[in-house]
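Trainee: Both chains are given apart, each in its own frame, so use the hints to dock them into the complex.
The lines below spell out each chain.
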Amino acid sequence: MTVSADQLPAAEVAPATASNAAWYTAGMTVLIVAVLIGASIGPAGPPWWQVPLELLNRLPLISFDSGVSDAEWNIVWRIRMPRVVLGGLVGGMLSIAGASYQGVFRNPLVDPYLLGAAAGAGLGATLALTSGRSITTSLPIDLVPMAAFIVALLTVSVTYAVGASFGGRRSGVTLILAGVAVVSFATALQTLILQRNLELVREVFQWILGTLAGATWADVRLVLPYVVVSCIVLMLHRRHLDVFRVGDVEAATLGVSVARTRLVIVIAATLGTAAVVSVSGLIGFVGLVVPHVVRLVAGAGYRRLLPLSLMFGAAFLILADVVGRTISSPAETPIGVVTALIGAPFFIYLLRTRKVTL
Amino acid sequence: MSAVSFEDVGVLYGKRRALEPFTDRVESGEWVGLIGPNGAGKSSLLRAAAGLVTSSGSISVEDVSLATLHNRERAALVAYVPQDPLIPDDMTAFDYVLLGRTPYVSYFGSETAHDRDVVSDVIDRLRLGEFAPRHLGSLSGGERQRVVLARALAQEAPVILLDEPTSALDIGHQQQAMELVTEMRAHSGLTVISAMHDLTLAGTYTDRLVMLDEGAVVSSGAAADVLTAARLSDVFNVSVTVEVDDVDGTVIVVPRRGSSIADPDNTSGR
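Protein chains in written order, with the working numbering: chain A, 1 to 358; chain B, 1001 to 1270.
So here's chain B without its partners, still in its complex pose (with noise of 0.2 angstroms):
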């Protein structure tokens, strides 16, 4: 079981201070979305659990504090998926989610049988059969985007950061992606931060969102509670009509056209 504990974690960017000191318990199996506008924090949050930069504080993965394990080790309880992942076009999509094993490759040595069946096992379970032997080049963005998954999925780690995994698809692709990783979590009880633009597919999706501005928490905990308009309003600067579902208490943030609200300068002409 890998709950992920966040004890006053922040980031500095030289001077500039990208996430003030974050402190949070994301579940074992828990999903947990962050929300909030460009450079609130949310990739800064997810770039130090993945140790890609410095930050202060201490992450633990089910009690184990990630700054005294090494690279291997460390991903082979945390893995991330980049925003706009580098795609090698010349790369089988069977050898590209191979990588994911690497983790528990020996220094010198090369991927043993065993590696090759989970990399198998995960492409079937993505139906990616028939991509595997293809270049990544030749397939398209959400066939891509399912490729990164499974190497995600391969490195079997029991935490999943994505940074914006939906951004560059189409609607539907949205979709189908998000049911992926839901699809993910019901097989191999994955616990799943995810730093997400699209308000309404975060609340959907995720079991908890916490919304972020200017590095901080704003608000944390479902999404009826998180999106508000008030709130929306005040951290985005947008006009929204927020709706809940009757049925299933899915809520749906509905952008308002005309100008932002909280921007006097473009009310008063109205």
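Looking at chain A on its own, in the form it has when it is part of the complex (with noise of 0.2 angstroms):
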């Protein structure tokens, strides 16, 4: 006996009723279009509409008169284009890694911070912001993301060192009860160094709130590569993510290599958090609230929700920045500001009409 899908009540029935074209497509067009609306909408620069016959225009093949100005294609070029595209890379990559670590951690408050990924760089820029900025200066390359992204990855290799050292076994909970530890100590040594430097708080302060205002085509450079090795290597593991949806143990009886596989994951997310973080800052709740956004709406198959948790991470990210450098324009609002005061509210109307579940 069969019973079609339309007989069952809708709750019962798996999304598979939109095919993962559909899915990738609508992932697609929202970020084409988010990337369109970040190039469009600033305070100098071509009326807005023109931009995007502009790009048009720029195509190969394609030639005919948008009206925009070489001066003012500079701006949306060296200006806007470098910013959107860092959003979009940041966004996609906190989505995808919070998605990640959320899977092989089978914890639903889980963020891409969660080892102490952002608490790390949050030390690194301090430490490097007040080893004196005159010695830096002087330097051709910034200091400050790299000793962000260096002091990032340590402090998650000491949460790992830590953990295993809980228990024989690095089960996801002492991973997680030796992030929580390690966190702490990096955030108090951050506190102790800057009580010390008071005259570098608001430096400090403004790094760690996150921002993607001054962004170049040299930051999307320095952080692309980590960002498609880590995407990469995430997507690979997708089926294994899967896997880990039914724990630890009935993983291992299925065939996988349990710990391993969990520290490839994690290895591959951190990498990518920490490169993102270190031009950006903290944005937090994306990391978070993205993958359980895309869970509720299209199911929570990880072979569907990395691809979606990526492209819908890096369009919400443009769009806040839109918001974030608009409303009170010409002053900004943080981002991180933006995407909790968005975030939240629609996360919140979903969790009361749907049911979340790793």
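Honestly, the hints are just simulated from the structure, not real lab data. Treat the hints loosely; a few may be bogus.
[Unchecked claim] Partner residues aside, some chain A positions facing chain B, computed with beta carbon under 10 angstroms:
1) Val33
2) Arg245
3) Val246
4) Glu250
5) Ala252
Quick reminder that beta carbons are idealized off the backbone N, C-alpha and C, glycines included.
Mentor: Here's what the structure looks like:
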């Protein structure tokens, strides 16, 4: 006996009704629209409707006059586009990393900062800022993102080592506990350093709040390799994340090397997270909530969740940045504030209307 | 063919010995029921065979030592159904059963059409067709148990380990689950080792019982030989009557009202 899907109550039928292709098309469409909006809206530059035309004009084989002058195009290409692209990379990376972390730890409250990537990056940035801009300004590169990146990776490594010493097996729970301890320690160190350098508090906090202002193509080139490698590795482990949904024990009896696979996924997610955090500062909420929203609307299977988190996370942060730089223009509203102000009510609405599962 | 041999298999949790060196041979196609009180070592034995705990001694399936195999190779030989499987509510029954094909999918690969065919066959055989597109969260306890067994079957391992397969089910679904295992064996010649609490059910469906107590084997053999009132009172500290059905020889263990006969504190007042 078979029952066709439309005879069952809607909630009991998997959202297989909308195919993967339909979801990916929707994700790409939203992302492209977000990029166009991000590139078109800003305080200076050409009228907003001319920007999509000019972008079209710049495509090979197409040529017409969009009315955008070279000076205006410079604003779009040199100032807005790097910011849009970096926002997309940061949002997409944090979301896919958050989804992966939630998967390997089977914990809905986990975000990509869990094991200390954010606290470490904050500590690294603080160290770089306090050790004297005088030294660093003479260097051709900015030491702050590099220090943030390195200390973030160090912090996560310490978490892993501590988690291993808690018990023979690196179970998800001991790692999370180790993360709590290491994050507290790193934060305390950072506070101690700040307390001795009060004149830097403002600068450090500005960095911690997170911003995409002043993004350049150089920033994009800096993080792009890490994001690409990280995303490829995570995407290749989508099937493993689905197996993790039945728990470590059963995953092991199904032939998965649980500890090793978890380590690979955590390393990949952490590498990408540390890279984007080092250029954008700590933008909260995205890595926690975007994956949940995608789960609620498109289902919890990781094969679809990871690519959709990447696309919707990128689009979400690009749009949040547009809001952040326009609502109180010419002043900027910190992007972390915007993501929380928009994301939290929407998330609560979804939670009230649907049931969240991992 | 896949006989399972255990040679001096012992399990230590820290300093506590959960299983004394255990030696036995489960013949190909045999169904062995492990019985014994809580903490007797039943689950430890199953977990050792599934490779979930480190154990001393050696376990081999048809002369291949499991210790020499990679995780995936072992998973293709031995399937394991835990007592309390973690059920992701928002996963379809089909996708859940498909997880059983994990041992056959290469690290970066994905399931083939053959894997999907195997899953469809199993789903048809267990008459789960109507549940396949539904979320596990919408299924009843008995339906979920069948889906979990389907996943183990889709693994196509010749040996299946079941830890308390009926503990969460009502009497009807208990019987249904046991009949299902019987049917699975008839169809694929599976070797089954199951830990069980219900002694009558264990005696009725399995070929042989192994009774464990405090990590060691107390008795092994046919139900009628293992399930004696004296031994049960000794090992389980219970008062029971054991009856043997005249027609089919089924051994029925009936708990008696009143206090435990082996506990002098309780009997002294009567």
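Trainee: Now look at each hint and say whether the structure bears it out.
Mentor: A quick look at each hint next to the structure:
no.: 1; hint: Val33; verdict: violated (28 angstroms)
no.: 2; hint: Arg245; verdict: holds (4 angstroms)
no.: 3; hint: Val246; verdict: holds (5 angstroms)
no.: 4; hint: Glu250; verdict: holds (6 angstroms)
no.: 5; hint: Ala252; verdict: holds (6 angstroms)
Of the hints listed earlier, the one the structure fails to meet is number 1.
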